[in-house]
Amino acid sequence: MSRAQLLRRLLLTIPTLFGVALIVFILLRVVPGDPIAMMLPPGAGEEDIARLRALYGLDRPILEQFLVWLGDAIGGDFGNSISLRQDVLSLVFSRLPATLELAFVAVVLAILLGTSMALVGVYGARRLPEWIVDAVNGVLLAIPDFLWGLVFILAVVVLGWGLPISGRIDPRLDIDWATQFWILESIVRLDVDTLGVLLRHILLPAIALALPLAAIITRVLKASLMEAMAQDYVQMARLKGLSRGRIIVREALRNAAIPTVTLTGVQLTFLVGGTVLIERIFAYQGIGNMAIDAVINRDLPLIQGLILTFAVLFIVINLAVDLTYAALNPRLRRG
Amino acid sequence: MAEPVAAALPDDGATGSVRALLGNPRVVFGGAIVLLLVTVALLADVLAPADPLAQDLLYSYLPPFWLEGAEPGYWLGTDSLGRDILSRLIHAARVALVVAVIAATATALIGTTLGLLAGFYGRWVDTVVSRLIDIWMAFPPVLLSIVLVAVLGAGLHSVIIAIAVIDWTRFARVVRAEVMVQREQDYVASAVVIGLGRWRTLTGEILPNVLPLLITLFTLEMGIAIIVEAILSFVGLSMASDFPTWGGMIAEGRQVIHQAWWLMAFPIAVLIVVVIALNMLGDGLRQVLDPVLRR
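Chains as they are written, first to last, in our numbering: chain A, 0 to 334; chain B, 90 to 384.
Incorrect hints may have been included.
[Stated by the list, open to error] Per label pair, the in silico range of CB-to-CB distance:
{"#": "1", "chain 1": "A", "residue 1": "Arg253", "chain 2": "B", "residue 2": "Val217", "range": "36 to 44 Å"}
{"#": "2", "chain 1": "B", "residue 1": "Val270", "chain 2": "A", "residue 2": "Ala325", "range": "18 to 26 Å"}
{"#": "3", "chain 1": "B", "residue 1": "Gln348", "chain 2": "A", "residue 2": "Asp71", "range": "43 to 51 Å"}
{"#": "4", "chain 1": "A", "residue 1": "Gly70", "chain 2": "B", "residue 2": "Val362", "range": "48 to 56 Å"}
{"#": "5", "chain 1": "A", "residue 1": "Ile131", "chain 2": "B", "residue 2": "Leu131", "range": "32 to 40 Å"}
{"#": "6", "chain 1": "B", "residue 1": "Arg212", "chain 2": "A", "residue 2": "Arg245", "range": "45 to 53 Å"}
[Unchecked claim] Okay, the calculated bits of chain A under chain B, using three or more residues with CB under 8 Å as the criterion:
{"#": "7", "segment": "15-27"}
{"#": "8", "segment": "285-291"}
{"#": "9", "segment": "310-316"}
To be clear, the hints were calculated from the coordinates, so they are not data collected in a lab. A quick note: this is a predicted structure, and the numbers were derived from the prediction, not measured. All residues carry an ideal CB built from backbone N, CA and C; glycine is no exception.
The following block holds chain B by itself, in its conformation from the complex (with noise of 0.2 Å):
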């Protein structure tokens, strides 16, 4: 019987995944972008240049610094209360961030033990998550996470809630498919003929061969929470509205589109470099760490 970590990495153990890791040029790019918005996520008060909330109406609609009318220390310009672009762009990282890493990782608990239920126990079990999936399957998910957050109320918590209630079928259908393979490998067998529990089998010998693949869908679960959220602060349903988060920046700069066009056009930019970087780690981790594509 294998040891179950060691059927999840590459042979020569821990440092060769490591540099296997290292290796792929998608998961170092992609890294090293999620890397970055982590540290700026942390240090956002020693890096902003300024209070992100700070008003000063004299300096309303600053362009960015390479455009005429540009004020130095204001280098992306200003909102239409003379708010620091960039210092907002800094602080919203937090936002962002905070989101993705709960609402994946909620997301990921329900849909994965629903998953991991299902492929495992099979029968009714089966029959009930399968349902579920199908009911949830057959909601629009965009007017689903507004109804649900005008329902719990606007904030930070009800889009987390919002995220997992809605997102958990992406888990549990790709963990439930890979258990139904799982549980025919021999190794579930063995396990199961050295008196091995069938909780025991499914924690400790299933769980962990499903883990590469979980990796990868929380990548791509965390890319998903910050445009949810990005969206939900567009409707205007996310944070309080004077509180920077990137969708509250892009709604209040399409309002204002034909006069400072800048507005809207920083943390769209923002959003799509940081959606391709964690699309690009997701990517990378699956071709590092899936054993059927390594070969």
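With the rest of the complex left out, here is chain A (with noise of 0.2 Å):
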């Protein structure tokens, strides 16, 4: 990628972040249901009502209240919790680092898995192995995170796995670290025994958000590979006398990788927008579970701010996807 398409790329991600505030904003007020009425409880006085309005701006117009918050934003400030009573940012901040190491670990037990299942499926190539790859994919493919996340809750409960299904970490563990980045610290201070707890807390929700990950990146690297399994330089390496497994490896899987970077980047964004129901069903503390919590108190401010938050995610993703593509393609490599 050129360095003007990077920028034009960069730019285009304005429009796009300003329009997801603008709908956002104006779903929050202009479609039935009144926000004060969201917030307070139910019998509250026309006084209070009136006044909670004032207070938040809301008796302005709506175009008035979005350019007011907007200015807001843009110079960092998103406003204050209304259930939580803090500073909106500093409360997305908190939580984030939770959120993702989440994500972070996900992503790579799905390129893991991902990829061991591709390479299995064509150097086992028609025979019993790619059946059962193919097979085992197919049930992948269908079934969403959220439903995996429920069958290793019953699994560990039915079957005593001896995993943790709730938290980040064991609640008896008193964590005052420095960064909220807890498995990251963990491994800088060298702690192993937090670590262990760590990582036991996030095997099953970090799972349950790689498997749909897993499946798309097995199919479209085992196609891939298949493909260049198919062409001239591979025939050459065979001739050469280098073992299949060498050949995959070594020849293939290079080439394979770009339509696969390309085609599963884009599913990432699936991957975190995941993080939401997993962090509820797991009882995770980061954004999403945060993002639920604000949705039943009615917590304008805060879901705004963390939609938002989730949009620039969704983006800065998209924008590596397009940069790691160019990187890896020789062809757009020189701009």
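From the two separate chains plus the hints, produce the assembled complex.
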């Protein structure tokens, strides 16, 4: 990607973010359901409603409200959470690391699992291994992360798997660390015991998130590998006497990586979006779980801030995928 | 110029396409389960052994028939209020099916219309639709559906609206790309040459050719709609809690999982089977209907 293209991509994110902000803003105010009525408990007096309305600027026209909010937001002020009585931005930053760690572990698991399944399928092509990989992948492609999460919880309880199904860490452990990136920090601190506890907690939610992405990676990578195996350079390598396993890993994998990154990169956003529900199911304290609480508590400023946070995450991911693609593809590298 | 309908079907006409459909194991297997779901939903009143809402606190938390302590007549056990789980599962199939069909239809209508217009007319129409898709893709879908239903008020109609409002991009993206390919084909040029208007060309010639794709997407969307309904019930935003839905049953079961795991297990199992069946059906239909894959 040339510098001009990159700049264009970056500039295009601005109208997208603006659109997201505007839609959320209008959605929460125009559609039937008074935001103030959403905030106050039923039976609140007229006076309270009017006072709260003025306090949040809701008595002004929507466009004016939006411009005020936008002005504040550009300056880094996303308002205060109504239910948690804290500034939205600091709330988001306190919980975001938990979600990022969950998503990161899930992506790593998905890549490992998806790549190994594809390699097994290609190595054992037209034999039993490929049939097993295809059958397993058919199931993995159909079942969403939400159902995997529930199945794992069921498995832990009924089959007695000794894994935690709730929270980010053992509630008896009290962590007061410099950052909220607990897994990263426990590695830096060489605190193996805490790291073990953290990894045991993150394992099931991360696998639930990873399985659908792993299935897509398997499908795309396997198809690309099969195609690469039929190419001339692979036939050459075979003539040179390289073993099948070596050809797949050394020659074909490198070329099959490009379509895989392009086609599965988009799916990364689905994984990050999936954290909302998975965090809920596993009582994991990230921004997704916080977002559902915000909706239940009718916490308007927090909902707005969190949806925008997700939008920024999605846009950054898509940009990163594009850049990776450009870096991997020699034809685009020159720019 | 090929007849548009004939172009979408195998060369030997309608009987051949039926034979091709029945020859595909995915279509047969997936279709059979979907047919079973439809039958169960339609005949719920006849098939359910008990009233799904009838409570009997003396018979709460009965286990399914193969476990110790089960009572005859309650095949899959009872929930915390002594309601028959099998009957609730059967009646919940109705909700799932209604949501699946209506939501998928609405989603398909919005998405296909925008996709057709963007793909066929190009220029500013395409720019507007593409920007809209970009913006929509930047929303976390689950969170947006939860917000929408919270704003619209809990209920089945809100769930359906939420699904259509959020998921239209799935149809729009695919249809737009496909129409762009079709637009360059000879038959479109011929249609223009013989003087068909642009609108007639779009609806009469191009639309039938994207139909196979739409059928596949529709089947998959039905599965997605059933899952989204379950998700919203799980979060407590779909139907009133006394009416049985699979997601609502899962949410209830999650709370008492240590006393009675089967409350959660059966609706999860049903959801998994239905979603796999719809996926197989969609995959199979794509294999049979897609002229490129068929070769």
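Each hint tested on the structure:
no.: 1; hint: A:Arg253 - B:Val217: 36 to 44 Å; in the structure: holds (40 Å)
no.: 2; hint: B:Val270 - A:Ala325: 18 to 26 Å; in the structure: holds (25 Å)
no.: 3; hint: B:Gln348 - A:Asp71: 43 to 51 Å; in the structure: holds (49 Å)
no.: 4; hint: A:Gly70 - B:Val362: 48 to 56 Å; in the structure: holds (52 Å)
no.: 5; hint: A:Ile131 - B:Leu131: 32 to 40 Å; in the structure: holds (38 Å)
no.: 6; hint: B:Arg212 - A:Arg245: 45 to 53 Å; in the structure: holds (51 Å)
no.: 7; hint: 15-27; in the structure: holds (count 8)
no.: 8; hint: 285-291; in the structure: holds (count 3)
no.: 9; hint: 310-316; in the structure: holds (count 3)
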